[in-house]
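Work out the full structure, taking the sequences as your base and the hints as a guide.
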Amino acid sequence: MRLTPGAEGSVRKAGAILAAVSLVIVVGNEVCQRLVARDVIANHLLFGYLSDLFSVPFTVGLTNVLGTSRFYWWRPVLFGVLFSLLELEGTYDPWDMVCYWLGAAVSFGVMMLVALRNPAGDSTAPSSADGS
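Just so we're aligned: the sequence shown equals residues 1 to 132 in our numbering.
No lab work stands behind these hints: they were computed from the structure.
Check the hints yourself; a few may be wrong.
Okay, the calculated beta carbon distance ranges per label pair [unchecked claim]:
{"no.": "1", "residue 1": "L23", "residue 2": "L86", "range": "12 to 22 Å"}
{"no.": "2", "residue 1": "W73", "residue 2": "L46", "range": "28 to 38 Å"}
{"no.": "3", "residue 1": "R117", "residue 2": "A20", "range": "15 to 25 Å"}
{"no.": "4", "residue 1": "A16", "residue 2": "A105", "range": "13 to 23 Å"}
{"no.": "5", "residue 1": "L113", "residue 2": "A42", "range": "30 to 40 Å"}
{"no.": "6", "residue 1": "A37", "residue 2": "W95", "range": "44 to 54 Å"}
Computed from a predicted structure; not experimentally measured.
Using N, Cα and C, we set each Cβ at its ideal position, and we do this for glycine too.
Here it is, written out as structure tokens:
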């Protein structure tokens, strides 16, 4: 799937928003995990998996901002596989892998939605038909 020039900018912008939102959630979650460890707050289940859920969207969003727009739709799958393989080497919590793949699905959905909402590209870009 090839993106038009206007859609490339939209995918980068969506990647920046996805990375920023995911980063805020992950940092906030890490603070909450420290509070859980000190018995200040409860609900370890929620705070234990929230970072896993948003780690793939953060990585996908960041690579869409920093990288090229080629193969943007494969990045969620790539990072889902990578994080799952790393989990097999580490603590091996199957629910972590479920969270990685849910995050990959969210990332894929956001990137495809943005790309499909702007299929014609930027209308202000010069076209080849007018000789520019």
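Hints versus structure:
Range check, L23 to L86: about 19 Å between beta-carbon atoms, so the 12 to 22 Å window is met. For the hinted restraint 28 to 38 Å between W73 and L46, the CB-CB distance of approximately 30 Å keeps it satisfied. For the pair R117 and A20, the supplied restraint of 15 to 25 Å holds, since their beta-carbon distance comes to about 19 Å. For the pair A16 and A105, the supplied restraint of 13 to 23 Å holds, since their beta-carbon distance comes to about 20 Å.
For the pair L113 and A42, the supplied restraint of 30 to 40 Å holds, since their beta-carbon distance comes to about 35 Å. The hinted window of 44 to 54 Å between A37 and W95 is violated, with their beta carbons roughly 19 Å apart.
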